[in-house]
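Colleague: Produce the entire structure from the sequences given, and follow the hints as far as they go.
Spelled out, the chains give:
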Amino acid sequence: MAIALFVVLASIVIGSVLGMIFSRTPAYSALWLVLAFAASGGLFGLLDAPFIAAVQILIYAGAIMVLFIFVIMMIPRQEVFPADGRKVRLALSVLLAVVLAAEMGVALLAALQGDSAAGLSGLGSTRAVGRTLFQDFLYPFEITSLLIMAALVGAIVLSKKRAKE
Amino acid sequence: MIPLNWFLALSAVLFVLGVVAFFVKRDLITMFLAVEVMLNAANLAFLTFAKKQGLLAGQVIVFFVITVAAAEAAIGLAIILLVFRRRKTIRAEGADEMKG
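Chain order of the listed sequences is A and B. In terms of my numbering, the first sequence opens at residue 1 and continues consecutively. In terms of my numbering, the second sequence opens at residue 1001 and continues consecutively.
Hints are supplied without guarantee of correctness; some may be wrong.
Below, simulated DSS-like cross-link-like pairs (lysine-lysine); rule was C-alpha separation at most 30 Å, straight line [said to hold, decoys possible]:
| id | chain 1 | residue 1 | chain 2 | residue 2 |
| --- | --- | --- | --- | --- |
| 1 | B | K1088 | A | K160 |
| 2 | B | K1088 | A | K87 |
| 3 | B | K1088 | A | K161 |
If you're looking for bench data, these hints aren't it; they were derived computationally from the structure.
Modeller: Structure below.
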């Protein structure tokens, strides 16, 4: 049952990332990615992290992707992007992908000595995550609020129209 | 029970797909989306190792990564809007020169 769920979710994630790569317009790419993030929220749930799964779906698939789609809608679609004109670039990308995949495979083989199985044990309950977040990680959490503040101010300053232009 | 290896393999595949998307796509917004895919792959790996070690720190790190991704999206999209306003295009080739 859990394995079937994993296979379904994983193929949705990979399929929609492929859909993102092969779709021509940024808007469709963003919508494919919403699907990918929602499905990977399900995978997070399988990994015993229900709180992070909810955060993933609400913040990532919800808020961040809506931000992307807003910006895409603000930019007029004046050009359709061709898949790629230059073959060299595509070939180099594929070569890079193969090398990177091989490297990750090697790293994985080393990291996977003694495998264990995923199963729910209540590790990442909201209560436990909250405890860890506000006890062990209190200072990073507070500093994060500073980061968000800086990003907010920076985004406003950057996108403000200058009077002279 | 699902072997945890599968999650790590999926994470690696996702990361590679993100890298490929970053290099294949030509508009700034989709390249940015590819970065998000890579972040997501890293999150998946963090959660897998958190599960494997039985440590909650891995899950808290994912929380921070999502927060930083939100901040990064806000700034990055503002920069993309700025590039579009100056160059009238969001193709990566349109922003290949820098001026002081």
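Colleague: All hints, please: hold or fail.
Modeller: Against the structure, the hints:
1. Under the criterion of a C-alpha separation no larger than 30 Å, the hint pairing K1088/B with K160/A is consistent with the structure, at around 17 Å.
2. For the given pair, K1088/B sits about 26 Å from K87/A by alpha-carbon distance, which is consistent with the 30 Å threshold.
3. As the CA atoms of K1088/B and K161/A are separated by approximately 15 Å, the hinted pair is consistent with the 30 Å bound.
The structure shown violates none of the earlier numbered hints.
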